[in-house]
Amino acid sequence: MQLRKAGALAALIASVAVAGTPALASAQLSEKEIRNTVAGKRIYLKVPLGGEFPLYYQANGKVSGSGDAVGLGRFMQPKDQGRWWVRGNRLCQKWQAWYDGKQFCFTLSRGDGDTLFWRRDDGMTGRARIGQ
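When you line the sequence shown up against mature numbering (1 follows the signal peptide of the UniProt record, and there is no 0), it's residues -19 to -1, 1 to 113, in that order.
Since the hints were derived computationally from the structure, they do not count as laboratory data. The model shown is predicted, which means the values in this text are computed figures rather than measured ones. Glycine included, C-beta positions come from ideal geometry on N, C-alpha and C. Any given hint might turn out to be false.
Computed spacing ranges between beta-carbons, pair by pair [said to hold, decoys possible]:
id	residue 1	residue 2	range
1	S11	G42	15 to 21 Å
2	K60	R101	19 to 25 Å
3	K75	G31	27 to 33 Å
4	K60	A8	16 to 22 Å
5	K83	Y37	17 to 23 Å
6	M105	S11	19 to 25 Å
Derived DSSO-like pairs: lysine-lysine, alpha-carbon spacing no greater than 27 Å straight-line [as the list claims (entries may be wrong)]:
id	residue 1	residue 2
7	K60	K43
8	K83	K60
9	K43	K13
10	K27	K75
11	K75	K60
12	K13	K27
13	K83	K22
14	K43	K83
15	K43	K27
16	K75	K13
17	K83	K27
18	K60	K22
19	K13	K83
20	K60	K27
21	K22	K43
22	K43	K75
23	K22	K75
Given the sequences, and given the hints that come with them, work out the whole structure.
Structure, rendered in structure tokens:
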């Protein structure tokens, strides 16, 4: 069952990654720019077929996410919480249940307007929208 859940999350994240790559992105954000971009904001990961996957990065280092809008609940725990921090010009996060609690870090760069591009430390890439 746990393997099935991990596979479902991997498929969702892979579909998010297909939604966009940083072709028109600006330079990689610095530690200060990352904090200013995400702290206290919702970041909406783009999902292919028009959906968005919201993550809320609280200023105190907590992060929460909900996959309800993209149907994640059919496959696994639809909501999770974790923590985030910035290290070496990378946004890092660790969830309680998602990814089996494994830590991942991302480089970020800005696109036009509220567009944000990310590259995870395993090479996966995607696009997001910065909310409030």
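Here is how each hint holds up against the structure:
1. S11 - G42: 15 to 21 Å: holds (18 Å)
2. K60 - R101: 19 to 25 Å: holds (21 Å)
3. K75 - G31: 27 to 33 Å: Since the Cβ atoms of K75 and G31 sit about 29 Å apart, the hinted range of 27 to 33 Å holds.
4. K60 - A8: 16 to 22 Å: violated (34 Å)
5. K83 - Y37: 17 to 23 Å: holds (20 Å)
6. M105 - S11: 19 to 25 Å: Given range 19 to 25 Å: holds, Cβ gap about 22 Å.
7. K60 - K43: holds (14 Å)
8. K83 - K60: Status holds; Cα separation ~16 Å.
9. K43 - K13: Given that 27 Å is the threshold and the Cα spacing comes to 17 Å, the pair holds.
10. K27 - K75: holds (20 Å)
11. K75 - K60: holds (14 Å)
12. K13 - K27: holds (24 Å)
13. K83 - K22: OK: K83 and K22 at ~23 Å, within 27 Å.
14. K43 - K83: holds (16 Å)
15. K43 - K27: Roughly 21 Å between the alpha carbons, so the hint for K43 and K27 holds.
16. K75 - K13: holds (20 Å)
17. K83 - K27: holds (22 Å)
18. K60 - K22: holds (17 Å)
19. K13 - K83: Answer holds: K13 to K83 is near 24 Å, not above 27 Å.
20. K60 - K27: With a Cα-Cα distance of about 17 Å, the restraint between K60 and K27 holds, given a limit of 27 Å.
21. K22 - K43: holds (11 Å)
22. K43 - K75: The given pair, whose Cα atoms are some 10 Å apart, holds under the 27 Å limit.
23. K22 - K75: holds (17 Å)
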